[in-house]
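> This is what each chain is made of:
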Amino acid sequence: MSATAVHSLWTTAAEPIGKITAPKIEYAQLAPVLIVVGAAVLSVLVEALVPRRGRYHTQVFLTVVALAAGFAAVVGLAAGGYGSTKAQIAAMGAIAVDGPALFLQGTILLASIVAVFTFAERRLDPAHHGHRVDSFAAEAAAVPGSEQEKAAVKAGFTTTEVFPLVLFAVAGMLVFPAANDLLTLFIALEVFSLPLYVLCAVARRKRMMSQEAAVKYFLLGAFSSAFLLFGIALLYGYAGSVSYARIADVVDGNVTAMDPALAATMGNDALLLIGFAMVLMGLLFKVGAVPFHMWTPDVYQGAPTPVTGFMAAATKVAAFGAMLRLLYVVLPGLTWDWRPVMWAVAIVTMLGGAIVAITQTDIKRLLAYSSIAHAGFLLAGVIAATPDGVSSVLFYLGAYSFVTIGAFAVVTLVRDAGGEATHLSKWAGLGRRSPLVAAVFAVFLLAFAGIPLTSGFAGKFAVFKAAAEGGAGGLVVVGVLSSAVAAFFYIRVIVLMFFSEPKVDGPTVAVPSPLTMTTIGVGVAVTLVLGLAPQYFLDLAGQASVFVR
Amino acid sequence: MNPVNYLYLAALLFTIGAAGVLIRRNAIVVFMCVELMLNACNLAFVAFSRMHGNLDGQIIAFFTMVVAAAEVVVGLAIIVSLFRARHSASVDDASLMKL
Numbered sequence: 001m002s003a004t005a006v007h008s009l010w011t012t013a014a015e016p017i018g019k020i021t022a023p024k025i026e027y028a029q030l031a032p033v034l035i036v037v038g039a040a041v042l043s044v045l046v047e048a049l050v051p052r053r054g055r056y057h058t059q060v061f062l063t064v065v066a067l068a069a070g071f072a073a074v075v076g077l078a079a080g081g082y083g084s085t086k087a088q089i090a091a092m093g094a095i096a097v098d099g100p101a102l103f104l105q106g107t108i109l110l111a112s113i114v115a116v117f118t119f120a121e122r123r124l125d126p127a128h129h130g131h132r133v134d135s136f137a138a139e140a141a142a143v144p145g146s147e148q149e150k151a152a153v154k155a156g157f158t159t160t161e162v163f164p165l166v167l168f169a170v171a172g173m174l175v176f177p178a179a180n181d182l183l184t185l186f187i188a189l190e191v192f193s194l195p196l197y198v199l200c201a202v203a204r205r206k207r208m209m210s211q212e213a214a215v216k217y218f219l220l221g222a223f224s225s226a227f228l229l230f231g232i233a234l235l236y237g238y239a240g241s242v243s244y245a246r247i248a249d250v251v252d253g254n255v256t257a258m259d260p261a262l263a264a265t266m267g268n269d270a271l272l273l274i275g276f277a278m279v280l281m282g283l284l285f286k287v288g289a290v291p292f293h294m295w296t297p298d299v300y301q302g303a304p305t306p307v308t309g310f311m312a313a314a315t316k317v318a319a320f321g322a323m324l325r326l327l328y329v330v331l332p333g334l335t336w337d338w339r340p341v342m343w344a345v346a347i348v349t350m351l352g353g354a355i356v357a358i359t360q361t362d363i364k365r366l367l368a369y370s371s372i373a374h375a376g377f378l379l380a381g382v383i384a385a386t387p388d389g390v391s392s393v394l395f396y397l398g399a400y401s402f403v404t405i406g407a408f409a410v411v412t413l414v415r416d417a418g419g420e421a422t423h424l425s426k427w428a429g430l431g432r433r434s435p436l437v438a439a440v441f442a443v444f445l446l447a448f449a450g451i452p453l454t455s456g457f458a459g460k461f462a463v464f465k466a467a468a469e470g471g472a473g474g475l476v477v478v479g480v481l482s483s484a485v486a487a488f489f490y491i492r493v494i495v496l497m498f499f500s501e502p503k504v505d506g507p508t509v510a511v512p513s514p515l516t517m518t519t520i521g522v523g524v525a526v527t528l529v530l531g532l533a534p535q536y537f538l539d540l541a542g543q544a545s546v547f548v549r
Numbered sequence: 001m002n003p004v005n006y007l008y009l010a011a012l013l014f015t016i017g018a019a020g021v022l023i024r025r026n027a028i029v030v031f032m033c034v035e036l037m038l039n040a041c042n043l044a045f046v047a048f049s050r051m052h053g054n055l056d057g058q059i060i061a062f063f064t065m066v067v068a069a070a071e072v073v074v075g076l077a078i079i080v081s082l083f084r085a086r087h088s089a090s091v092d093d094a095s096l097m098k099l
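The listed protein sequences correspond, in order, to chains A and B. Just so you know, the first sequence maps onto residues 1 to 549 in my numbering. Just so you know, the second sequence maps onto residues 1 to 99 in my numbering.
Keep in mind the hints are simulated off the structure, nothing from the lab. Each hint can be trusted.
Covered stretches of chain B (chain A as the covering partner; in silico rule of three or more C-beta atoms under 8 Å from a C-beta of chain A): (1) 10-23; (2) 30-39; (3) 50-57; (4) 73-81; (5) 85-94.
Residues from chain A shown here face chain B by an in silico Cβ test under 7 Å; the list is partial: (6) F218; (7) L229; (8) F230; (9) D298.
It should be emphasised that the depicted structure is a prediction, and the values quoted were computed from it without experimental measurement. All residues carry an ideal CB built from backbone N, CA and C; glycine is no exception.
Sequences are here, hints too, so could you generate the full structure?
Now the structure itself:
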């Protein structure tokens, strides 16, 4: 082989290596993520260094302060104009700081704060051996029912590791909708998924179910992320780069410097279409869209309820953010290719979620199928492919996440001897026994159903309006029909709570500490405020709906 | 050798891995199949990197390895805890939540 035929990659090493220029990192613009990651690392140190007695309080304090500081940083950036005029790409092209990213990061941080309150709740279960207990296993590594577990419970151990895990998950979720290249997208996905797998496995009650949920979530999650990664490999092969802007240029055919390798691969549409489909598959798995939804009911049911609430809300926000950016920034040139596929996915997701939910007898599974149906409604907004589509999805995500966390927080309150009483039959007559809790849950259910004067209605209206204006009228018809189906099972639960006789051996409603009360209160407040006066927030989402490229 | 052949190999390995995930019943084996899929991705990245003459793909391969290692840590912990509780790592036995 002659010297010239050797590829440049092999010859550069022989030449003296020039000065490597240090990358320019915009620390201020990345502050929300950096604060949360820093706190997560600190939180691991707390776990190692602080004595067991003080850990719980230190961790709760650190977590809440870090999330609040992150939110303050997001607000600061938005007030500084980074959401609109000064929107830019930071960290050498890896992370976008723009309206949608900041809006979703703010939503994720606020939702995580209220979710962490439910993680920290320690008054629902009676104290064991004089120690207050939360929803998490005394020692997650101990076999359920073993002597080791009993000893751990007796010693009053708690899994305070959930707080660093939540912080790492939130950090990944903050990066996910802001990721501006495919590598960052993949890493962010793994950074938020891996802690969630562990969190699913550490329930205090029904531990076998919790571990089973974790295994299912983990195996299917890893499977789907392998698909995402292979899709990234194919897109990299197509465009010769993983940067969103570069791929968009290659898709649109605006390439200035053309080399023979690129000319060969960019003519190959199979790479682009298959790669894109696989990446989309990974994202649809995370939002729980049919046909990638099979994990959702099992994982939602088996995971500790505070984790379910956090996961249902924050994961959905992050994953829809990433999907919007991928579809609107990277592939506007392919709109005509992805729209029909997404139409089909949205229709089966809306109908599938709503119809299967009717047959459910467990409240957590019911909420899981309801979340699948909501993923379908959100997809209708995504398909609009207009600025209104983006803003309506942003608004919907904000509204939906607080309703979800609030609803799962109520589920943690209704308990019997075996822990949470999640079977629907046990909820019969709850309205007679504790009218307040039942009324609050009814508000959340009405918001899920999209009844006027709740945030659910404002969100659904915005999404469907955007979809209709974006030329997806058929989708709106299906959406309204499946909303009607969904309303049936939400109302059925309300009827069950208020108009049937309470059972003698029915569950009791635990009186929570101010932590869970705050979560539920914030949920109700957001639901009503966004329902009664949505305009300010719709405007905010409207201003935040421009992606930087 | 034409780098395209490596892509065919990567696609083949990926398919074997995906088929393994769907067919095999032992959680550990399923997980190994997922790892095979990730390695197929690595091969594709490196082959594309060679074709395009830039280093991005090789860098990504390192990231993938780290992610795969992190996934092993989390995954094995979860699978082992399941195994210790049930004395079985079969994904069919884990069916408490079936309707």
